[in-house]
Amino acid sequence: MTDAPSPRPGGAMVEFDSVGLRYGPDAEVLCDISFNLQPGSFYFLTGPSGAGKTSLLKMLYLAQRPSRGIVRLFGEDLVHMPRQRLPGFRRRIGVVFQDFRLIPHLSARDNIALPLRIAGVGEEDLSGPVGEMLSWIGLGDRADARPATLSGGEQQRVAIARAVIARPQLLVADEPTGNVDPEMAMRLLGLFEALNRLGTTVVVATHDIHLISRIENAQMMRLERGRLADPTGALRYPPANRV
Amino acid sequence: MIIPRVPVQHRRLLPDRRLSGPTPWVIAILMMLTLLAAAAGVGLARSANAIGSAIAGRVTVQIVTANPVTRAQQAAALRRAAAAQPFVRSARSVGQEELQETLGQWFGSAEGNDPVLQSLPLPALIDIDFVGEDRSGHMAQLRALVAAEAPGARIIPHAEWLGPVAQLIRSLAWIAGGLVLLMTLASAAVVIMTARAALATHFPTIEILHLIGATDRQITRLFQRRIAIDTAYGIALGSVVAAAILLLIGWQWTGITSGLAATASLGPAGWALLLALPLLAIALAALTARQTLLAALKKIL
Numbered sequence: 001m002t003d004a005p006s007p008r009p010g011g012a013m014v015e016f017d018s019v020g021l022r023y024g025p026d027a028e029v030l031c032d033i034s035f036n037l038q039p040g041s042f043y044f045l046t047g048p049s050g051a052g053k054t055s056l057l058k059m060l061y062l063a064q065r066p067s068r069g070i071v072r073l074f075g076e077d078l079v080h081m082p083r084q085r086l087p088g089f090r091r092r093i094g095v096v097f098q099d100f101r102l103i104p105h106l107s108a109r110d111n112i113a114l115p116l117r118i119a120g121v122g123e124e125d126l127s128g129p130v131g132e133m134l135s136w137i138g139l140g141d142r143a144d145a146r147p148a149t150l151s152g153g154e155q156q157r158v159a160i161a162r163a164v165i166a167r168p169q170l171l172v173a174d175e176p177t178g179n180v181d182p183e184m185a186m187r188l189l190g191l192f193e194a195l196n197r198l199g200t201t202v203v204v205a206t207h208d209i210h211l212i213s214r215i216e217n218a219q220m221m222r223l224e225r226g227r228l229a230d231p232t233g234a235l236r237y238p239p240a241n242r243v
Numbered sequence: 001m002i003i004p005r006v007p008v009q010h011r012r013l014l015p016d017r018r019l020s021g022p023t024p025w026v027i028a029i030l031m032m033l034t035l036l037a038a039a040a041g042v043g044l045a046r047s048a049n050a051i052g053s054a055i056a057g058r059v060t061v062q063i064v065t066a067n068p069v070t071r072a073q074q075a076a077a078l079r080r081a082a083a084a085q086p087f088v089r090s091a092r093s094v095g096q097e098e099l100q101e102t103l104g105q106w107f108g109s110a111e112g113n114d115p116v117l118q119s120l121p122l123p124a125l126i127d128i129d130f131v132g133e134d135r136s137g138h139m140a141q142l143r144a145l146v147a148a149e150a151p152g153a154r155i156i157p158h159a160e161w162l163g164p165v166a167q168l169i170r171s172l173a174w175i176a177g178g179l180v181l182l183m184t185l186a187s188a189a190v191v192i193m194t195a196r197a198a199l200a201t202h203f204p205t206i207e208i209l210h211l212i213g214a215t216d217r218q219i220t221r222l223f224q225r226r227i228a229i230d231t232a233y234g235i236a237l238g239s240v241v242a243a244a245i246l247l248l249i250g251w252q253w254t255g256i257t258s259g260l261a262a263t264a265s266l267g268p269a270g271w272a273l274l275l276a277l278p279l280l281a282i283a284l285a286a287l288t289a290r291q292t293l294l295a296a297l298k299k300i301l
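Chains as they are written, first to last, in this note's numbering: chain A, 1 to 243; chain B, 1 to 301.
Keep in mind the hints are simulated off the structure, nothing from the lab.
Nothing false has been slipped in among the hints.
Here are some chain A residues pointing at chain B (derived, C-beta under 10 Å):
hint, residue
1, Gly88
2, Arg101
3, His105
4, Asp110
5, Ala113
We put the CB at the ideal spot given by N, CA and C, even for glycine.
Whenever a hint applies, use it, and build me the whole structure from the sequences.
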């Protein structure tokens, strides 16, 4: 079903080396970005508005190729990869968008089932996982509701459920708590933490500095004006990889 | 496959409403005009061929000798001599009554027994049909025969005066063929615009599908199916209207049994072509939509 390989044992799940990104002829929005993401780790990506967080996430979830540098995902070079191989990799990445991006004419159930249907899972095998996911996010009684009839928090939970239902190896979330109250933010973070415990690598972009302290062993990546702050070198050379 | 199979659950990824309201109607109009132009082209081509083959090997020898007795003798001698030649299929004298009757239509004489008409010194005419294709060789032999049997007689090849008419009809048939081609291209352009408009309208959904891991083929099949169904509705409607018009014209045509109009008909091959055109149009629409969608999706990462 997928032609994307797993990361080699002990290797990084994501490797960025001297990556730069520019849109058209303008100056680079990301410059000399280098880091490694370890399998099963939890990362927060922070930085002021306009620092390039969303651009960095776009490269992580394969919506954008870099202008220069090397990007490796699951051990494979993504910069020169033929585009017909990308869907196989995308199916192993879950994405939570800041603006949810639910398909408006589909019910909550169908939105959540979307990744499984795209992956070719039969209808008879869908109802169980989708039902479980609806219960997990507390929307079991709103399964047939269209996104427009759901509150912001409910839409966010549906978006998260859609991102995680296929058990992705990498979960990327862009400001997932930006549209919900603090209590809901903590609940959503609890969902990510639970998924992380199951082995998923999680990258969460957020402005909320209070969230970061809630996750034990989470690492912080800070972007400033398109550059990644890594004073200790821990992001580029994680302790596990240090010689 | 012209209309790809897509699971019902996947079809719901696009909203239920039609992709583009006017598309089926525009396609219907274009299909109707295409079929009418094709029918006209086939009819004209067959008419041109019928006239061409009819006149290609036929000549009329006109004997204008002043003495009516000598004229009649020359005509009879030439007809006998011509009929005996191996390159002549048939030689027929056109009777004086037939000539007077034809001229009577112009003189206003109902029965052709007008005394003035009867007093006219009409030439003797002999229609000769050649055998085979070697017309130039046959003409040379006929000229020698005429010079021997009826000196001074004129040989009039029918191709000389009906040829330009056949050529004009043939040109009209080509123009009709050109119109069919142009309207086919216009139909393809409509499909391309429809596909692009559909992509633009549903771009957010396509982007999500891509990021979730949908392949270009999966996305293309969704749109290709919808566009193929839309155009199939239009093609069916246009075909029904065109068929009704052609049947009406055919019904009126049955009253025409003479002249050039009688040579125009569609024939079995023509009807087969008209029946095949809608199916070809659906296939063309689906193929055009597929290629347009794949090309557009390649521009998205």
